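> With the hints as a guide, dock the two chains, each given alone in a separate frame, to form the complex.
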Amino acid sequence: MAERTLLAGLRQWLESLGHMASSKIWRLGFAARFFVYILLHSGTAFRRFGLTIREIYFAGVLSLIIILVSGLFVGMVLGLQGYDTLQRYGSSEALGILVALSLVRELGPVVAGLLFASRAGSAITAEIGLMKATEQIAAMEMMAVDPIARVVAPRFWAGVISMPLLAALFSAMGIFGGYLVGVQLIGVDEGAFWSQMQSSVDVREDIMNGVIKSVVFGVAVTWIAVFEGYDAPPTAEGVSGATTRTVVTSSLAILALDFVLTALMFTGGNAR
Amino acid sequence: MKRATIDIWVGIFVAAGFAGLLFLALKVGNLASFSTAQAYQVQAKFANIGGLKVRAPIKSAGVVVGRVSSVMFDNESYEAIVTFNVDAQYKFPRDTSAKILTSGLLGEQYVGLEAGGDGVMLKEGDRLRLTQSAVVLENLISQFLFNKAAEGKEGKDGK
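Respectively, the protein sequence lines represent chains A and B.
Each residue of the first sequence is one higher than the last, beginning at 1 in this note's numbering.
Each residue of the second sequence is one higher than the last, beginning at 1001 in this note's numbering.
Next up, chain B with everything else stripped away, as it sits in the complex (with noise of 0.2 Å):
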């Protein structure tokens, strides 16, 4: 085979490959809608955060606006300190409050920003006050299920 012809194969072969990679990248992966350039770090402290994960959305009215980049135990206060990402083209008021929710009844979970009133706006390092921890399915079905008791309780003695 001529020398040509092989360069032209070779040359056919490496723009796929990069082609295919590009693919991966764009098309399979988050390279086009990730941005970790410009975002500002925001704390909050949650009694109990669930499943929450590494690298989970930070929702607002639906719409992702950052991430989850830590997530510590404080040693003092016994509670989990999240930290995270947000997008710097969205601002919120400091009285923001970050609640710990789940996308459907198996999905993973996400934190849900809830805008507060304040003319002051979030800035790089600000601590949210108000949080609301995961509801755990555990505690909730033990909650259900005194209530439940205790109604069947009442009933008996109203009688």
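One chain only, chain A, in its complex shape (with noise of 0.2 Å):
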């Protein structure tokens, strides 16, 4: 008897689990037919191009301010921080180089990637979420528009078309932080930061490596939001669930894709 009862909660056990595995395998599929719908169904968001500006203003311009304070922060942060151990090694001159090199290979591209998935994307998730909980999106199809291509796919290509360009603003801003600090509060030597800076970036392995990452995380964050959007459950708890999965899915892909896209750039040159 007790090995019947031990019997059907292992077999139970196994069913749940067998469920969740297949539950996630499928969203993953569905994720992905949804990727290749979207791209499919574009035509309109470039035709139509007023629909995507409108989604560029709301994705990209209205993370201007948060981009550029914490790109400018960040800089100045890295100024400070780099010129107190530089100086150890007498090195102070090599601030420029620390800056940007850090900046417009990881911090740039990560962290605007980072701050677009938390300002942009849970707004595309909530807006597209709150969409289908009040059957708009039903009414679209009822009136044979495609809501993949109306709504989601013009918010799809701002979020990718936004992305490289915060990143690089965020970079920017960011050497201009660490020159203020650097040379115009400490008064590291003004040509040595430079020069040193621009002998040292190249700009197809530093800078275009850099602005290819934000590119791919623009895809992947934007992604994320549209599907989460899209899949929330059409109830105000699904919406802020779905929201809240975008945040903390986007953040996790941002930071292992940038491992790859990291191991596959720069260790391929260093290494000969």
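There's no promise every hint is true.
To be verified - Computed footprint of chain B on chain A, listed as stretches where at least three residues anywhere in the stretch have a Cβ under 8 Å from a Cβ of chain B: (1) 52-63; (2) 163-175; (3) 195-203.
To be clear, the hints were calculated from the coordinates, so they are not data collected in a lab.
None of these values were measured; they are calculated from a predicted model.
Here a beta-carbon is modelled for each residue, glycine too, at the ideal position from N, C-alpha and C.
Right, here's the structure in full:
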């Protein structure tokens, strides 16, 4: 008798495990098909570019303040901290290299991506989720308007376009912040600051790789945001849960992708 | 919000984004001083290249005249073959010698060129005959220690 209940318990446990795994995989497959569907139906987003421009305004322009201010402060902190460490080795002129390389290669795309995920990604998810909860999406379908082409694709492309621009502005602002603190406040030589930076930052190797990173993060963040919004259960709780999931999942995705991209981009050149 | 206002703001945003990229490329990166269009390739063999890396500068009289494009190992002579691009506007005699030098005490390593006196100039694909390897700090220290030890011995024997 005891054996039978044990077996039944084991069976139930295995069943729930299998259900969990298959539903996760099903969701992943749904997200992938959703991505392909967005790409196939993004004609409208470019034909009626006004729709996309409106979304760039909400995703990009309204994120400008937080991106610029955090970029400036990250750069200023890098300037202070970098100077503190470098002057111990008597190479405070290398401050420009430190600030520029860490911003262009890593901090620019990653921090801008994290900010973008929490500022714009969450807004996209909440908006689409609420549209679904208030049956606006169903109404569009009733009127033979494809909601993916009309609602989802413009938001997706707006995010993909905005993200690299925001990351570039973040890096530029950060370097300006590093310059303010390093050169104007502490008094590192201005010529050495810029010339050492220019001699060691490569346009293709460092700046273009940073841009590629930010494009990849833009695709990942907006894909997760529109998918979570579209997939959200049409209730108040469902929308709030989906918004939280967007921020958590896209932040983790950015960090994981950053590791993979860094491993691909920057180890090949240095190993040789 | 009106359509035109949104358009203007998006226009400003996109323009600012591209301005940021341009700033990164021109002021932070080395796009302005970077030209691979006109350069000729020269090779040199070194017994030891120390820590020389690809893209290290080639300097002559302290001026950057090119960059290292590849570092390979020669299986026959067991030496390192360093290939580098020299900007076409700089001409060097064929008997120019190459040294691996270090900028500062702990700085990066670079190739220093010293012009010779030959009338024929270097051209694409030439190989420099006269080279001097990198100074390896460990070898230098051990040499110094051995010399000191030898001196001490001589001094004792003399007395």
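> A separate judgement is required for each hint: does it hold in the structure or not?
Consistency of the hints with the structure:
{"no.": "1", "hint": "52-63", "verdict": "holds (count 6)"}
{"no.": "2", "hint": "163-175", "verdict": "holds (count 9)"}
{"no.": "3", "hint": "195-203", "verdict": "holds (count 6)"}
Checked against the numbered hints above, the structure violates none of them.
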